[in-house]
Amino acid sequence: ATSKSATGYSPFQLAYGIDPVLPIEFDIPTVRVMENERMDKSDSVKERLVHLHLLEEMREIAKDTRYKKKMKQKEYFDQKIRWSPFH
106 ATSKSATGYS PFQLAYGIDP VLPIEFDIPT VRVMENERMD KSDSVKERLV
156 HLHLLEEMRE IAKDTRYKKK MKQKEYFDQK IRWSPFH
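Residue numbers (my numbering): 106 to 192.
In case anyone wonders, no lab produced these hints; they're calculated from the structure.
Computed from a predicted model, the values in this text were never measured in an experiment.
Hints may contain errors.
Cut-off 30 Å, straight-line C-alpha distance, at most; resulting in silico cross-link-like pairs (DSSO-like, lysine-lysine) [unchecked claim]:
no., residue 1, residue 2
1, K173, K185
2, K168, K151
3, K168, K179
Starting from the given sequences, assemble the full structure and let the hints guide the process.
Right, here's the structure in full:
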């Protein structure tokens, strides 16, 4: 998934806390898919809980990154403002 430059994460990552698995990855297994298939259910649940715990941290980082980029854009825009007296 493509990350958004405004947040550093893809929308899928911010919603679910993990990278999406593409359908082709089931036909031609990637390392990630093969590792998940080898895990038993309890390990899979533990890993998912870790990802969910990190999700809040990812969202906070994305929020902070988005705010910093917004402020940088505001500074750039404000440099071009020419104030004139109001009559």
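Which hints, by number, does the structure contradict? none
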